[in-house]
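Chemist: Chain residues, written in single-letter form:
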Amino acid sequence: MALEHPDMRVKIGGLTLINPVMTASGTFGYGEEFSSLVNLHRLGGVILKGISLEPRPGNAMPRVVETSCGMLNAIGLENVGVERFITEKLPFFRGVQVPVIVNILGDSLEEYRLLGRRLNGIEGVAGIEVNISCPNVKKGGVAFGTDPEMAAAVTSVVRREFSGPLMVKLSPTVTDITVVARAVEDAGADALSLINTLLGMAIDSKTRRPRLANIVGGLSGPAIKPVALRMVWQVARAVKIPVIGIGGIANTTDALEFLLAGATAVQVGTANFVNPRASEEIVNGLAAYVRDHDLESIRDVINGLIV
Amino acid sequence: MALEHPDMRVKIGGLTLINPVMTASGTFGYGEEFSSLVNLHRLGGVILKGISLEPRPGNAMPRVVETSCGMLNAIGLENVGVERFITEKLPFFRGVQVPVIVNILGDSLEEYRLLGRRLNGIEGVAGIEVNISCPNVKKGGVAFGTDPEMAAAVTSVVRREFSGPLMVKLSPTVTDITVVARAVEDAGADALSLINTLLGMAIDSKTRRPRLANIVGGLSGPAIKPVALRMVWQVARAVKIPVIGIGGIANTTDALEFLLAGATAVQVGTANFVNPRASEEIVNGLAAYVRDHDLESIRDVINGLIV
Amino acid sequence: MQETAQEKGKIIRVEQLTPDIFRITAVAPRIAGLSRPGQFVMVRVSGGYDPLLRRPFSIHQVTANGHVQILFKVVGKGTAVLAGACVGKMLDLVGPLGRGFSLKPRRPVFLVGGGMGIAPLLFLGKWLLQDADPVETVALLGARTREELLPLVTDMEALGIEVRTATDDGSLGHHGLVGDLIRDQDPGLGRQVYACGPYPMMRAVSGQAKALGWPCEVSLETMMACGLSACLGCAFPRGDGAGHVHVCKDGPVFPAEEVAWL
Amino acid sequence: MQETAQEKGKIIRVEQLTPDIFRITAVAPRIAGLSRPGQFVMVRVSGGYDPLLRRPFSIHQVTANGHVQILFKVVGKGTAVLAGACVGKMLDLVGPLGRGFSLKPRRPVFLVGGGMGIAPLLFLGKWLLQDADPVETVALLGARTREELLPLVTDMEALGIEVRTATDDGSLGHHGLVGDLIRDQDPGLGRQVYACGPYPMMRAVSGQAKALGWPCEVSLETMMACGLSACLGCAFPRGDGAGHVHVCKDGPVFPAEEVAWL
Ligand SMILES: Cc1cc2nc3c(=O)[nH]c(=O)nc-3n(C[C@H](O)[C@H](O)[C@H](O)COP(=O)(O)OP(=O)(O)OC[C@H]3O[C@@H](n4cnc5c(N)ncnc54)[C@H](O)[C@@H]3O)c2cc1C
Ligand SMILES: Cc1cc2nc3c(=O)[nH]c(=O)nc-3n(C[C@H](O)[C@H](O)[C@H](O)COP(=O)(O)OP(=O)(O)OC[C@H]3O[C@@H](n4cnc5c(N)ncnc54)[C@H](O)[C@@H]3O)c2cc1C
Ligand SMILES: Cc1cc2nc3c(=O)[nH]c(=O)nc-3n(C[C@H](O)[C@H](O)[C@H](O)COP(=O)(O)O)c2cc1C
Ligand SMILES: Cc1cc2nc3c(=O)[nH]c(=O)nc-3n(C[C@H](O)[C@H](O)[C@H](O)COP(=O)(O)O)c2cc1C
Ligand code: FES
Ligand code: FES
Numbered sequence: 000m001a002l003e004h005p006d007m008r009v010k011i012g013g014l015t016l017i018n019p020v021m022t023a024s025g026t027f028g029y030g031e032e033f034s035s036l037v038n039l040h041r042l043g044g045v046i047l048k049g050i051s052l053e054p055r056p057g058n059a060m061p062r063v064v065e066t067s068c069g070m071l072n073a074i075g076l077e078n079v080g081v082e083r084f085i086t087e088k089l090p091f092f093r094g095v096q097v098p099v100i101v102n103i104l105g106d107s108l109e110e111y112r113l114l115g116r117r118l119n120g121i122e123g124v125a126g127i128e129v130n131i132s133c134p135n136v137k138k139g140g141v142a143f144g145t146d147p148e149m150a151a152a153v154t155s156v157v158r159r160e161f162s163g164p165l166m167v168k169l170s171p172t173v174t175d176i177t178v179v180a181r182a183v184e185d186a187g188a189d190a191l192s193l194i195n196t197l198l199g200m201a202i203d204s205k206t207r208r209p210r211l212a213n214i215v216g217g218l219s220g221p222a223i224k225p226v227a228l229r230m231v232w233q234v235a236r237a238v239k240i241p242v243i244g245i246g247g248i249a250n251t252t253d254a255l256e257f258l259l260a261g262a263t264a265v266q267v268g269t270a271n272f273v274n275p276r277a278s279e280e281i282v283n284g285l286a287a288y289v290r291d292h293d294l295e296s297i298r299d300v301i302n303g304l305i306v
Numbered sequence: 000m001a002l003e004h005p006d007m008r009v010k011i012g013g014l015t016l017i018n019p020v021m022t023a024s025g026t027f028g029y030g031e032e033f034s035s036l037v038n039l040h041r042l043g044g045v046i047l048k049g050i051s052l053e054p055r056p057g058n059a060m061p062r063v064v065e066t067s068c069g070m071l072n073a074i075g076l077e078n079v080g081v082e083r084f085i086t087e088k089l090p091f092f093r094g095v096q097v098p099v100i101v102n103i104l105g106d107s108l109e110e111y112r113l114l115g116r117r118l119n120g121i122e123g124v125a126g127i128e129v130n131i132s133c134p135n136v137k138k139g140g141v142a143f144g145t146d147p148e149m150a151a152a153v154t155s156v157v158r159r160e161f162s163g164p165l166m167v168k169l170s171p172t173v174t175d176i177t178v179v180a181r182a183v184e185d186a187g188a189d190a191l192s193l194i195n196t197l198l199g200m201a202i203d204s205k206t207r208r209p210r211l212a213n214i215v216g217g218l219s220g221p222a223i224k225p226v227a228l229r230m231v232w233q234v235a236r237a238v239k240i241p242v243i244g245i246g247g248i249a250n251t252t253d254a255l256e257f258l259l260a261g262a263t264a265v266q267v268g269t270a271n272f273v274n275p276r277a278s279e280e281i282v283n284g285l286a287a288y289v290r291d292h293d294l295e296s297i298r299d300v301i302n303g304l305i306v
Numbered sequence: 000m001q002e003t004a005q006e007k008g009k010i011i012r013v014e015q016l017t018p019d020i021f022r023i024t025a026v027a028p029r030i031a032g033l034s035r036p037g038q039f040v041m042v043r044v045s046g047g048y049d050p051l052l053r054r055p056f057s058i059h060q061v062t063a064n065g066h067v068q069i070l071f072k073v074v075g076k077g078t079a080v081l082a083g084a085c086v087g088k089m090l091d092l093v094g095p096l097g098r099g100f101s102l103k104p105r106r107p108v109f110l111v112g113g114g115m116g117i118a119p120l121l122f123l124g125k126w127l128l129q130d131a132d133p134v135e136t137v138a139l140l141g142a143r144t145r146e147e148l149l150p151l152v153t154d155m156e157a158l159g160i161e162v163r164t165a166t167d168d169g170s171l172g173h174h175g176l177v178g179d180l181i182r183d184q185d186p187g188l189g190r191q192v193y194a195c196g197p198y199p200m201m202r203a204v205s206g207q208a209k210a211l212g213w214p215c216e217v218s219l220e221t222m223m224a225c226g227l228s229a230c231l232g233c234a235f236p237r238g239d240g241a242g243h244v245h246v247c248k249d250g251p252v253f254p255a256e257e258v259a260w261l
Numbered sequence: 000m001q002e003t004a005q006e007k008g009k010i011i012r013v014e015q016l017t018p019d020i021f022r023i024t025a026v027a028p029r030i031a032g033l034s035r036p037g038q039f040v041m042v043r044v045s046g047g048y049d050p051l052l053r054r055p056f057s058i059h060q061v062t063a064n065g066h067v068q069i070l071f072k073v074v075g076k077g078t079a080v081l082a083g084a085c086v087g088k089m090l091d092l093v094g095p096l097g098r099g100f101s102l103k104p105r106r107p108v109f110l111v112g113g114g115m116g117i118a119p120l121l122f123l124g125k126w127l128l129q130d131a132d133p134v135e136t137v138a139l140l141g142a143r144t145r146e147e148l149l150p151l152v153t154d155m156e157a158l159g160i161e162v163r164t165a166t167d168d169g170s171l172g173h174h175g176l177v178g179d180l181i182r183d184q185d186p187g188l189g190r191q192v193y194a195c196g197p198y199p200m201m202r203a204v205s206g207q208a209k210a211l212g213w214p215c216e217v218s219l220e221t222m223m224a225c226g227l228s229a230c231l232g233c234a235f236p237r238g239d240g241a242g243h244v245h246v247c248k249d250g251p252v253f254p255a256e257e258v259a260w261l
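Residue numbers (numbering that gives the first Met the number 0), protein chains in the order written: chain A, 0 to 306; chain B, 0 to 306; chain C, 0 to 261; chain D, 0 to 261.
These are calculated hints, taken from the structure and not from any lab test.
Take the hints with a grain of salt, since some may be wrong.
Claimed, not checked - Cross-link-like lysine to aspartate or glutamate pairs, in silico, EDC-like; alpha carbons within 16 Å at most: (1) B:Lys205 <-> A:Asp291; (2) A:Lys138 <-> B:Asp203; (3) C:Lys248 <-> B:Glu31; (4) D:Lys248 <-> A:Glu31; (5) B:Lys205 <-> A:Asp299; (6) C:Lys76 <-> B:Asp203.
Only a predicted model underlies this, so the values are computations on that prediction, with no experimental measurement involved.
Given only the sequences and the hints, what does the whole structure look like? Please build it.
Modeler: Structure follows, in structure tokens:
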């Protein structure tokens, strides 16, 4: 019998989402920008622009460039800093019934620790997603996420300070992502979200210059979906904690593919720029899928790949 | 003054190519298939389907699937084996004035060594490209190319047996490609070609099965160009030997971008399926570029990126 | 090696036969001149890279003045884009590709087509009738519904070929599979069978032809990334179990007995 | 937060004004109703993912019956695809976006437009004239050639607005930059200047306005990935050097003195 309201709930650590669809950090502003286009309360969760301890101005322009079925960004993690985030951005969500997961970034273990501490117990903060793709300035700019030990260190530092649901976001620029995934799981993460952007570059052959002021940038969008799907499938089989799939998800079919590969939830990123209502449409699409296939719940799809 | 015939020559090890445009292994069959569509003698060089010691049947179907601005392939390195290659495929090129670089693959150091020996001194073999993205069955299937020591070992084993120009083709699925690049350079490679395909996956949400029988496959095409360009730029600055750029090159502008990033030559792969005349059109495009900009030679473009 | 051309042909007609079946006519004299029944073209569906790969379509008809026609059903991204093609735009074709049907049957012929598999059989029927001493040709055509089948029956009959029909829903001709129309044939007729359509139909028809001792050729479909025998992505297990044939190079038409029916 | 809508509008007209300048009219009543001069729409140029991102175009005109018009020059992949749009197809728009021109100048107005920058000034001119007590408005319009400029001059004059022209090649009006037409103005006129066009033109015009002591607003262009203030990719250095403004959210129209002219 087709349920009127299919059971779309999924659990990430202690957090139960009404459905598996969230927005990816840096592609949804601070949420308010989309309020006239998307009914925010219908989303499983929103993850906002990455927050650092102090405000950051971000990189010089140009910061974004289009590629084939994708885009490169070198925004430079421009953000208002944790204090203004708590006083100016978070309050908007008092009137909106949707879990807000705060993405945090830092360039030292100490910064991650202080961010974990500052956000702990803050009303309106449903959880933390730790962006470990940032360069560790004390280790010559090597990204935390590319080294299992450093990735584990960041995780445990934040874990000690923040008692709420803790998600760690993995960088794809590694030889074997399952090694970093297990290290982060052992360090106490409640869930893993992957993938962050692939490192790429674009050149203007007329001006003979890089198209990004920062020369390199993060590649995102449909172009990277096959790589993201493969990594989610590998990691979901290597760890026991929930995995959240990110990378080129633009419609319901994409979301289903990630759930089948083992993801418990998904994040919609670059697709928000192309179709601002993408996230809500995917919520509707998944609900219709559960109804049309007479599933108990969306959870029946998770890890459903027949191999 | 615009030269009638611009100087398009580039050198790779001891081999001088009349221009920087070659075809990528596995995307040009054994060359003969394209002879009615492309004037093979106008290309800088052709690299044919990867050859192993013994013939290989290749993987089960389906072997290819389309993705956004790209494709996944899990052909399984089907090939006729080195003996039939020398007797049946190479002779075609006696009538065609274009350097043939033989791409070799193996699943053990011994197989690579024997291939190097067998091809050494064979008339018509202008050089070897070593595909180190193959799984090393003695090391649990880990690909040679993902580990600097193994990559260096393969290179020196072939170097000892083959006296001609030796190109080693790097796999992109590594944390830091410059480390593998330097290890291979030190082991005696004359040049490096990169990138091979990115590891990806596709799922059919209707059948709930992977779209490739092999589950995972190699991602290629315009989607991966930003990653390939970034890796070529990084490697060209890390080694002294020539670098050959591969990855999503479909037109003259793409080729110029790779040359500017530091590539001495380029290979055209998936684009051959979409536009069979792509390689020859790029040769014409680069020649026009040299003429229109009154350059001494195409070599002026190499490493010309203004950073 | 058989000659192949890359040609951009101007679209001069786009016909919609049913809500999801279209026929496009483009001016491509070089390809038209080289084409033989059973061969196919690789069609670039978009100017950009999404969709990226070319799609294979059998050559449905060629005309004396260099027109090439393809007949297709919208089943996915590429065919959907193709269905939206505007007259006057250019259609980027590579072909003719592959090995078509044998063209000297020297025995009465059965053209057995199912759904879009009928597309190449119109070209074959026309070709056979233009022979100095044409053999007697009958077409057995099947599809899901009358609506899908009728336009193709009309075209075939316009060539002067007798047509017997079958539809899944019984709305035209025999209520059932086109293969049923062969079952109770007299073996003595010794017909050459040319079959093209869904895999199960061809498997059944090739079995029936074998039982009747009739020669039978089938046109296989596999996923194709290049169609140019460059990618090796169109493998099909050899009848003798020794490795693979490649449908775009060794086919798409094969003698039925060579096919390792799965 | 200003209201924004996502609307798919049927294309009812595609005009080609010059070999590379086009105007598209689509039926998008919700967006038309919400639009103010100087605002823009993000247009999805292809149904697929290549090109992927939407392109920003200022709102050229809106009509009472809910039509939205964009005027654009083909400069790259997206505009090339857009130029091939067929009437009857749907145009996927998000808007109106950004902050437009101030609409109560209460002083005589100079509309200073260069090339495609003229697009939003037609909407602004029409809006100002519909005011109960319209101010005297003069348009200074420049472009490379007569052929590019004339159609826009005609439209502006059709509104009853006096137009003075300048072309790079001197084929229409003043032989030189549109900025020259302000230089020797009498400061006492105290005009409000609205400028939109290539960066160097706006920099020059804002300098001249400052020298004359006139208020001046400019409409900036930067690369835009979203246009929805979500990506932070459209940063522009603040006049006071403290971080960035975001052109799609804080602009595209800015008081000229707030802009840190590079
Ligand atoms: C030799 C040959 C001749 C054919 N002739 C005709 C014809 O005359 N009329 C007709 O309607 N169809 C024909 N087909 C099938 C036609 O190629 C597919 O319907 C078409 O490729 C589907 O593309 P799509 O983008 O709409 O589907 P999608 O599913 O979006 O395509 C994704 C990819 O899968 C490939 N693909 C999907 N289905 C098939 C298929 N059945 N066969 C091969 N590749 C497929 C596509 O080419 C594309 O690369 C032929 C196929 C082959 C191999
Ligand atoms: C607020 C605003 C209003 C505009 N109004 C108009 C208008 O009314 N008429 C008109 O002809 N043009 C206008 N432009 C410029 C127009 O957006 C670009 O010409 C168009 O985006 C070029 O896209 P393309 O795909 O053809 O070029 P490509 O170079 O292929 O585009 C590649 C990418 O760069 C971006 N891009 C390229 N050039 C520009 C540019 N100058 N500004 C912003 N993004 C760019 C594209 O949007 C795309 O994301 C406006 C730009 C902005 C920011
Ligand atoms: C413009 C832009 C800004 C981003 N900012 C952040 C960020 O601040 N923190 C973060 O962890 N990821 C950030 N990302 C990465 C996305 O969250 C996501 O991991 C990535 O884009 C892949 O998903 P997609 O293909 O759906 O966009 C950003 C991506 C884009 C395109
Ligand atoms: C169908 C197919 C087969 C391939 N076979 C080989 C191979 O045998 N050996 C090899 O080293 N690379 C092989 N490649 C990788 C290409 O040579 C090239 O490195 C890769 O596709 C990226 O370039 P592209 O984006 O231009 O295709 C193959 C690629 C494709 C698409
Ligand atoms: S489709 Fe590429 S070899 Fe047949
Ligand atoms: S264009 Fe994305 S924030 Fe302005």
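Chemist: If a hint holds in the structure, say so; if it does not, say that too.
Modeler: Results for each hint:
{"no.": "1", "hint": "B:Lys205 <-> A:Asp291", "verdict": "12 Å, holds"}
{"no.": "2", "hint": "A:Lys138 <-> B:Asp203", "verdict": "42 Å, violated"}
{"no.": "3", "hint": "C:Lys248 <-> B:Glu31", "verdict": "12 Å, holds"}
{"no.": "4", "hint": "D:Lys248 <-> A:Glu31", "verdict": "12 Å, holds"}
{"no.": "5", "hint": "B:Lys205 <-> A:Asp299", "verdict": "14 Å, holds"}
{"no.": "6", "hint": "C:Lys76 <-> B:Asp203", "verdict": "14 Å, holds"}
When held up to the earlier numbered hints, the structure conflicts with hint 2 and nothing else.
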